[in-house]
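As you go down the protein sequences, you meet chains B and R in turn.
According to our numbering, the residues represented by the first sequence are 2 to 681, in order.
According to our numbering, the residues represented by the second sequence are 2 to 681, in order.
You may find that some hints are simply not true.
It does not matter which identical chain is used: a pair holds within one copy or between any two.
The calculated lysine-lysine pairs, modelled on DSSO-like cross-linking and capped at a C-alpha distance of 27 Å, are [said to hold, decoys possible]:
#1 LYS593 - LYS450
#2 LYS664 - LYS584
#3 LYS500 - LYS584
#4 LYS228 - LYS216
#5 LYS450 - LYS584
Keep in mind that the hints were calculated from the coordinates and are not lab data.
Protein chains: 2
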Amino acid sequence: MLSLSPAVADEGMWTMDNLPTKQLEQRYGFKPSAEWIARVTQASARLAAGCSASFVSADGLVMTNHHCANACLDELSPKGQNWFQDGFSAGGQPHEPKCPAMELDRLDRITDVTDRMAQALDGKQGAAYTSAQKAAESAVQQECVAGDPTDWRCDVVTLYHGGRTALYRYKRYQDVRLVFAPDQNIAFFGGDPDNFNFPRYDLDLTFLRAYENGKPAKTQFFPFDVKGPSDGELVFTSGNPGSTSREEPVAQLELLRDVELPATYGYLSTEDGVLWQYGRQGAAQHQEAQNVLFGVENSLKVFTGWLQTLAQPETLEKKRQNETELKQWIDADPARQKQFGDPWAILAPAVAAERSLYARYSMIEGNRRPAGFAGQLYGYARALVRGAAERAKPDAQRLAAYRDANLPAVEAALGSPAPVHPALDETLLAFSLTRLRQTLTADDAFVQKVLGTESPDALAARVVGGTKLGDPAERLRLWKGGAAAIAASTDPMIVLARKVEPDAMALRTRWDNEVDAAEQRASEAIARARFARDGTGSYPDATFTQRLSFGVVKGWNENGRQIPAFTTFEGLYRRATGSDPFKLTRQWLDAKNRLNLNTPFDFASTNDIIGGNSGSPVIDKNAHAVGLIFDGNIHSLGGDFTYDGATNRAVAVDTAAIVEALKVVYRNQSLAGELERGHL
Amino acid sequence: MLSLSPAVADEGMWTMDNLPTKQLEQRYGFKPSAEWIARVTQASARLAAGCSASFVSADGLVMTNHHCANACLDELSPKGQNWFQDGFSAGGQPHEPKCPAMELDRLDRITDVTDRMAQALDGKQGAAYTSAQKAAESAVQQECVAGDPTDWRCDVVTLYHGGRTALYRYKRYQDVRLVFAPDQNIAFFGGDPDNFNFPRYDLDLTFLRAYENGKPAKTQFFPFDVKGPSDGELVFTSGNPGSTSREEPVAQLELLRDVELPATYGYLSTEDGVLWQYGRQGAAQHQEAQNVLFGVENSLKVFTGWLQTLAQPETLEKKRQNETELKQWIDADPARQKQFGDPWAILAPAVAAERSLYARYSMIEGNRRPAGFAGQLYGYARALVRGAAERAKPDAQRLAAYRDANLPAVEAALGSPAPVHPALDETLLAFSLTRLRQTLTADDAFVQKVLGTESPDALAARVVGGTKLGDPAERLRLWKGGAAAIAASTDPMIVLARKVEPDAMALRTRWDNEVDAAEQRASEAIARARFARDGTGSYPDATFTQRLSFGVVKGWNENGRQIPAFTTFEGLYRRATGSDPFKLTRQWLDAKNRLNLNTPFDFASTNDIIGGNSGSPVIDKNAHAVGLIFDGNIHSLGGDFTYDGATNRAVAVDTAAIVEALKVVYRNQSLAGELERGHL
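Isolated chain B, as found in the complex (with noise of 0.2 Å):
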């Protein structure tokens, strides 16, 4: 998707409130009724962590990815056993335990507030239009949660990349608690070498209730289809697809090719060694190290994947044809050069700015990979340090993390009792350490500054050691004592974090000056030609907000080779070689009798989906849920950037194969049952 000219093929991330109707009915003769858009928004929703889910009984049944639920099954692990590892069933609603910090969001409303975001930012440039955004989102979002933000989540969406702005309310559930979770070795049967190829043979697959009011919810829900879909029919998804960069202006995507991506890959190829090698020192480290690797092996194959679409010519080319026609059409007319002036004139001393802090920034003050300080200990201290300073600022002045709407998710997080492995944290602390003197070098005052006369090792162990922040009601008491609990703290990772601070903060205003603001402001404009140009009629690039994808059922070619949409239980079999990780449970293999090993397990669709679409409903045309997406093929990856339907797969388990697998291997009629009513 290079521009907003009319989507081809199945493409797009449609907003409930722009769905491509035409395109539907003349391809698909499909036209959904308003009742069909409402149901799918209201039985739709979001783990707020990062995936997707929906509601499949009218009692609040949640269905998401067993990956999707794994922090919850670790955290709720008695001592000794290992509900991620092994499953979990907990036997009947009553004794459904509460996954802690889970937050689930079901989307209520979506409201326009493009004019009155422009109105606030008008003519504002630099420092002055990031204070004026942050004091009119704050504005918004204090309305829309009514004094209740318990209950209610409000957040100010950026769309077309500033061509909209819209605000999103949410129905917010914090008590979810756990219901039923497969096994790990057939919810991510094939592991890493299997991750993002099909065929495939996963039960990807957890069962989650929200709760009101100490009750299961009542919820608008999908019904449950026990067949599944059919070869070739029309199906679809209905997600939260984290982000895409598909308008993204080439001079950024360049920066991302060159610099940023292989800094983000070599970082977490290098955990990547460390994780596993953790992993090999014992049984007790292999569990540690689980779920941090799972998520560095699963964005090493996504940045795999972006590297090589990026580096093909064609990638790039495509997109900087279609920015040349766009400046032309707003040179060609002095009346467009008023309105849109040169949004690449804005974009050049950005990027510039952005490439020259990118190294700084990311180890100092980013929060995702590459990271000068890592771990989840370090990341409490730096949400205590942060946190204090925010709340004694007025709520528009703050950053968008501890504005007060924010705060009880914050909170939440920090009371959380999943536990800390301190050795696997002093770990990451120690590696992220190195690579920041590695980065930043040696002669860097920053780095003279953190590490003293102190190694990477020597600090992370002093520090890891001498915290006592692995203790939630610590991070708590910390968190409510507020700016002179944090002053008053010796606590090492504490007294870390406030050293850390201040440059952090530095580089936090210039990126968001200098980088961000200038980047925003170019992009909008941009988008602003573009809808002046070309009109409506197409979709925005992803933003982590409830998306319908349309496409079909359907393999693909690979390289002349045929592969089927669907795999059976029958392949499950074949593929189980009793070596992790293709191995199955004893359950699984005495099961193998009693299944009915035609029943269809995973299928390939067209929809185009990317991440954070995790654990969405896949649908039919009346809204009955077919299966549930948990992947996309290795021709998926581009997908940030492009999408090609000729090979671009979801992945998804079927409904069927869910049915099958709680009635036979699992044996939890109860469960079973509930989904073939549609109420406990």
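Once you've looked at the hints, dock chain R against the given chain B.
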């Protein structure tokens, strides 16, 4: 260096039979005499394992880098001691211990064999080309060695990408003994963080001695200048740069940039993490992993520099333009068209074959990273299995490594008493097997043949646990037993290598014929056309043969900051934090008050060097040693593709620092005396 047009600035790695005398005279008023050239040729040497060296006394005293002798230091360390880490002094010539498996070569004669080789290859293509080449090379080498492969080594060297072929005959020293090495803390002060950085404070030095018939060899040598060079002084390096790609066709550089480099970088990054974490498991593991880790981290910095250089559009743009001009020059004249044809038309299918074979070839047969079968023990098994099969063939049909002329080196390597660390070896093999499966996928028939139902970890544990190849005697027994011994062996590592061998050899054959032979033919045609158009007057890409570079001692301007050419001992003590890798030994700390702290320590110069130049002497106009190359600055890393005289710097130890350290820190008056006198 983009073409054979005259090199500007101090660019160039010149062969000893084609020095840039005109440039030297014009720029520096220096005209090397025939005697000067002969002295420089004969006082220089190389370590067959991949470093440069020089003779610095008449009694065979050899100067090279600490990091070039680490294998010897490791291998010779008595149980409970660590000479690599703690340093070594023989305490007098009679006590110098022999380095196992170390070979030193001194260039004796260069013979042009261009015409002879061209005749042998005339009109041949694909498999016929490869086998004619093997046969002709073998014949030339056999004649040159003249039945004495122990004393002489003869390499057929392709220069100017086939524009010229030369026979390099070396005097071979296989009795090389250890004289002196400082501790690793000072040899590699600043470690990986400072590697390829400058200012720098390293005494990266080892002294060896070449022996003949059990006595110190009598050699030409570079008299030692105990004052070192001055700022701005004309200096030369005489060493063996390993390889550069300055004349490589663009299509091959694009493949490198887009496919091979990212794969290599990813593999090395992950291996870096694996080794880093392995080393954190304990002191013994730290020591075991150290050497491999050094190599990995060093390569990573190099490849990072490559990636950055190749990502700059202008790097390839200039080369592309140059090729276009050459093609136009050929096409402008029917006679030229007839003579040179269209080399790019030959190149295109070869590069396409390389692109499609690369992943499989690198995993199964390639001898560098990424690799599907890593570790010392697997390497031994492969050499034994392949060596047995190759030795059964006529010399002219064998792979180069197993021709009669090279068998002494293979046998010496197999017989090396260097310790094998089974846990480390198992780790590296398990890691590479994981990569093998990841790269070729679990669906691949070869992967299934190798792994069967075992996981990479289980397979690695079984074959490393069960093999006897850690014992040099067992390796030599199998070597001497030849094909029969290999066929009869039940050693699990041999069994594994035997299983891989047919696939590996099939890939090797395809690679040699479809990729290498065609790429070489195309490169040769391009090189011959360039010769015809531009004449001689430039230097060939590096080939790990002796080259002279000239330049001046000089700092550079780093983003507006002037970096001085010299560091001093005073700076070393200022930089020492007491934490690894900025930690000094007690010996160095104690010596501080006795040392002349103004002694120049390391220096930068504009000489054009590259990997393989490690250990090269820096000499002055009088052919006196004034320094010892051990590194380049960060800007030198793009030197594989282009030389930028503004920022590209070689980094060397000052001879003044060497003498001062020997006398004051190590109190090694006898060695200092030999350097000052020029003999024992």
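Do the hints match the structure? See the list:
Taking the closest pair of Cα atoms, LYS593 and LYS450 come within 27 Å of each other only across two copies (26 Å); inside a single copy the shortest separation is 61 Å, beyond that limit. For the homomeric pair LYS664 and LYS584, the shortest alpha-carbon distance inside one copy (21 Å) is at most 27 Å, but the shortest distance between copies (64 Å) is not. Taking identical chains as interchangeable, the C-alpha atoms of LYS500 and LYS584 lie at most 27 Å apart only when they sit on different chains, with a minimum of 24 Å there against 48 Å within one chain. In this homomeric assembly, LYS228 and LYS216 never come within 27 Å of each other (Cα to Cα): the closest approach is 30 Å inside a single copy and 86 Å across copies.
For the identical chains of this complex, LYS450 and LYS584 are inter-copy neighbours only, at 18 Å across copies versus 49 Å inside a copy, given an alpha-carbon limit of 27 Å.
The earlier numbered hint that this structure contradicts is number 4, and it is the only one.
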